[in-house]
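Protein chains: 2
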Amino acid sequence: MKTNNKVFIATSLDGYIADKNGGIEWLHAIPNPENSDMGYGNFTAQIDALVMGRTTFETVYGFDIDWPYKKPVYVLSNKLKEVPGELKDKVFLVKGTLTEVLAQIHKNGHNNLYIDGGKTIQSFLKEDLIDSITITTIPKLLGGGFPLFAELPKMLDFECSESKVYSNKVVQNTFIRKR
Amino acid sequence: MKTNNKVFIATSLDGYIADKNGGIEWLHAIPNPENSDMGYGNFTAQIDALVMGRTTFETVYGFDIDWPYKKPVYVLSNKLKEVPGELKDKVFLVKGTLTEVLAQIHKNGHNNLYIDGGKTIQSFLKEDLIDSITITTIPKLLGGGFPLFAELPKMLDFECSESKVYSNKVVQNTFIRKR
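In the order they appear, the protein sequences are chains R and V.
Counted from 1, the first sequence has number 109 at position 109 by the numbering used here; the numbering is strictly sequential.
Counted from 1, the second sequence has number 39 at position 39 by the numbering used here; the numbering is strictly sequential.
Isolated chain R (complex conformation):
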């Protein structure tokens, strides 16, 4: 199966995606005078759909904002039975193994996928299903929290394909899986 599964995420300098209390306020604590989107627009222009876990979906849905994704969102869940009415044409539940899930999604013509949410990224990495990882490093040591990376059954080789520094403070590196 040819995959094109991409991660685009921010971590602290010590590799956390959320602090000890699950908070992400520190992500926005960096001054951003140019109001740069730090490549997010370019990145999302290249993807067909998002894949996330139930936790991330419920977190984003719980925010007091309009649904933020323009692309279809696939939510991995064996538990959820249906999506909220107003999201019926935007959010799709998928279940099964990751290979089965990807086969379903690819059948819909969605091949370039944005894999999001800590647990989801970790399960994709465990099965070596991630092709690129863009990490925006927020230059703070949190000293604890929920790490982006978890234990893996085997070592995985990448190459750094790009590195950018935004506002002289925040570095963003892209790593491509070398197979």
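Incorrect hints may have been included.
If chains are identical, the list can't say which one is meant, so a pair holds when it fits in one copy or spans any two.
[Unchecked claim] Derived pair list, reagent style SDA-like, types lysine to any residue, alpha-carbon separation capped at 25 Å:
1. K169 with E151
2. K70 with G143
3. K95 with K107
4. K169 with M38
5. K95 with A49
6. K164 with D116
7. K20 with T56
8. K20 with E86
9. K154 with I9
10. K20 with F146
11. K164 with S132
12. K79 with S163
13. K154 with W26
14. K178 with A18
15. K178 with G144
16. K6 with T55
17. K20 with K154
18. K70 with G85
19. K178 with L27
20. K2 with G62
What the hints contain is simulated information worked out from the structure, not anything from laboratory work.
Given chain R, put chain V in place with the hints provided.
Relative to chain R, chain V alone:
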């Protein structure tokens, strides 16, 4: 106390400085056709002395090579009583709290220090005594090992001051403590 304590270290993409078995062979698994020192020479030219823990000292001393450091090396140890004879003018034992140790070292005119070794770096960070961290990211996910960063009592702010990509594969970012 004004400090200028610098870290210059390589980690895996998932933030480990040694693999699950303590091995560091993966550090050298990246092709380096230009035989670049990846800034090591420039970095060491700017420091007056090294500070490392007993474990790192004994590891380096155990290698079947000539003593590799041209600058004085301070070894933090409450246990070691003396240094091997041939290193008498190169290696100096220091003990006490980190503040006491730094005062001793500064008295010798050594103010720009290369802080090395996982445990030593972590204890300096715990007391907020690190001023810059240069991380060379070897683009591999090890999936486990000895992490560079550990729990901290408080959040520490840095800024990314420099980012370089070597051989199109390995990225090196320098973070400066913002006080």
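Item to check | Broken hints, by number | outcome: 2, 8, 12, 20
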